[in-house]
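Participant: Below, each chain spelled out in residue letters.
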Amino acid sequence: DTAVSQTPKYLVTQMGNDKSIKCEQNLGHDTMYWYKQDSKKFLKIMFSYNNKELIINETVPNRFSPKSPDKAHLNLHINSLELGDSAVYFCASSQERLLAGGEQFFGPGTRLTVL
Amino acid sequence: DQQVKQNSPSLSVQEGRISILNCDYTNSMFDYFLWYKKYPAEGPTFLISISSIKDKNEDGRFTVFLNKSAKHLSLHIVPSQPGDSAVYFCAASDNYGQNFVFGPGTRLSVLP
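Those protein sequence lines, which keep their order, are chains A and B. Offset between the first sequence (1-based) and this note's numbering: plus 129. For the second sequence, position 66 matches number 53 in this note's numbering, and the numbering has no gaps at all.
There's no promise every hint is true.
Pair ranges (Cβ atoms, derived) [what the hints assert, rightly or not]:
#, chain 1, residue 1, chain 2, residue 2, range
1, A, THR131, B, MET16, 48 to 58 angstroms
2, B, ARG94, A, VAL141, 18 to 28 angstroms
3, B, ALA28, A, SER149, 27 to 37 angstroms
4, A, ASN186, B, LYS(-8), 18 to 28 angstroms
5, A, GLY145, B, ARG4, 26 to 36 angstroms
6, B, PRO27, A, LEU212, 41 to 51 angstroms
7, A, ASP159, B, PRO69, 15 to 25 angstroms
8, B, SER(-1), A, SER209, 35 to 45 angstroms
9, B, SER(-5), A, LYS196, 15 to 25 angstroms
10, A, ASN191, B, GLN68, 20 to 30 angstroms
Calculated cross-link-like contacts (lysine-lysine; reagent style BS3-like; alpha-carbon spacing at most 30 angstroms) [unchecked claim]:
#, chain 1, residue 1, chain 2, residue 2
11, B, LYS43, A, LYS170
12, B, LYS58, A, LYS170
13, B, LYS(-8), A, LYS170
14, B, LYS55, A, LYS138
15, B, LYS58, A, LYS200
16, A, LYS138, A, LYS196
17, A, LYS196, B, LYS55
18, A, LYS148, B, LYS55
19, A, LYS200, B, LYS(-8)
20, A, LYS151, A, LYS138
21, A, LYS151, A, LYS169
22, A, LYS138, B, LYS58
23, B, LYS43, B, LYS58
24, B, LYS55, B, LYS43
25, A, LYS200, B, LYS43
26, B, LYS(-8), A, LYS173
27, B, LYS(-8), B, LYS41
28, A, LYS196, B, LYS43
29, B, LYS41, A, LYS138
30, A, LYS170, A, LYS196
31, A, LYS138, A, LYS170
32, A, LYS148, A, LYS169
33, B, LYS55, B, LYS(-8)
Derived from the structure by calculation, the hints contain no laboratory data. Because the structure is a prediction, the values reported are computed rather than measured. Glycine residues also receive a C-beta, built at the ideal position from the N, C-alpha and C atoms.
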């Protein structure tokens, strides 16, 4: 059984479109995250949710909006896609509310390509 | 401004030998350090962590050493196996979880 799953695995779309990436975890964790891995392979945290509450919101454009219908799901909506949004997006979850010392479990990633 | 640095983009080691992956950080507020391993087309998986009150943590073939005065940590893999070939990310966070940063990664190749 996959612990953290993301759909779709690949997403190719035109500039200006709106798209969503879904994430689900079956580990019973309280906290979920979204990361972006850019072309230089840097992994940067974008958002974190704890029990449906946003607890970290890094300086990402407001075209990106996380939505958590329940604590097992954290979806990422992206409006007006731009070329620079092309990257691999990883969802993750952890038991602890804060990141400090807490092991995170990552999904397999979604490769987004904006044409 | 990279707060977590892994200056070796790649490392090759013979099977059975020791692999040493290094990580340096600049933010003295970091209190927890973690190593993740990543295979192609998969998400990172947690390997081992260490808090700043320790200087060593061991788990099987993996040992992490922390030198807080030098702001340096290293991951030792002994003995190295071909299945260890992956990208290894060092990560650091402060005690409040408000600042969590990954390094750029080191690609380890273990040659049979």
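Participant: Now, for every hint given, state plainly whether the structure supports it.
Facilitator: Structure-based check of all given hints:
no., hint, in the structure
1, A:THR131 to B:MET16: 48 to 58 angstroms, "violated (35 angstroms)"
2, B:ARG94 to A:VAL141: 18 to 28 angstroms, "holds (26 angstroms)"
3, B:ALA28 to A:SER149: 27 to 37 angstroms, "violated (21 angstroms)"
4, A:ASN186 to B:LYS(-8): 18 to 28 angstroms, "holds (26 angstroms)"
5, A:GLY145 to B:ARG4: 26 to 36 angstroms, "violated (52 angstroms)"
6, B:PRO27 to A:LEU212: 41 to 51 angstroms, "violated (24 angstroms)"
7, A:ASP159 to B:PRO69: 15 to 25 angstroms, "violated (37 angstroms)"
8, B:SER(-1) to A:SER209: 35 to 45 angstroms, "holds (44 angstroms)"
9, B:SER(-5) to A:LYS196: 15 to 25 angstroms, "violated (39 angstroms)"
10, A:ASN191 to B:GLN68: 20 to 30 angstroms, "violated (46 angstroms)"
11, B:LYS43 to A:LYS170, "holds (28 angstroms)"
12, B:LYS58 to A:LYS170, "holds (23 angstroms)"
13, B:LYS(-8) to A:LYS170, "holds (13 angstroms)"
14, B:LYS55 to A:LYS138, "violated (39 angstroms)"
15, B:LYS58 to A:LYS200, "violated (36 angstroms)"
16, A:LYS138 to A:LYS196, "holds (19 angstroms)"
17, A:LYS196 to B:LYS55, "violated (38 angstroms)"
18, A:LYS148 to B:LYS55, "violated (43 angstroms)"
19, A:LYS200 to B:LYS(-8), "violated (33 angstroms)"
20, A:LYS151 to A:LYS138, "holds (10 angstroms)"
21, A:LYS151 to A:LYS169, "holds (24 angstroms)"
22, A:LYS138 to B:LYS58, "violated (37 angstroms)"
23, B:LYS43 to B:LYS58, "holds (14 angstroms)"
24, B:LYS55 to B:LYS43, "holds (11 angstroms)"
25, A:LYS200 to B:LYS43, "violated (35 angstroms)"
26, B:LYS(-8) to A:LYS173, "holds (14 angstroms)"
27, B:LYS(-8) to B:LYS41, "holds (21 angstroms)"
28, A:LYS196 to B:LYS43, "violated (39 angstroms)"
29, B:LYS41 to A:LYS138, "violated (39 angstroms)"
30, A:LYS170 to A:LYS196, "holds (25 angstroms)"
31, A:LYS138 to A:LYS170, "holds (17 angstroms)"
32, A:LYS148 to A:LYS169, "holds (23 angstroms)"
33, B:LYS55 to B:LYS(-8), "holds (15 angstroms)"
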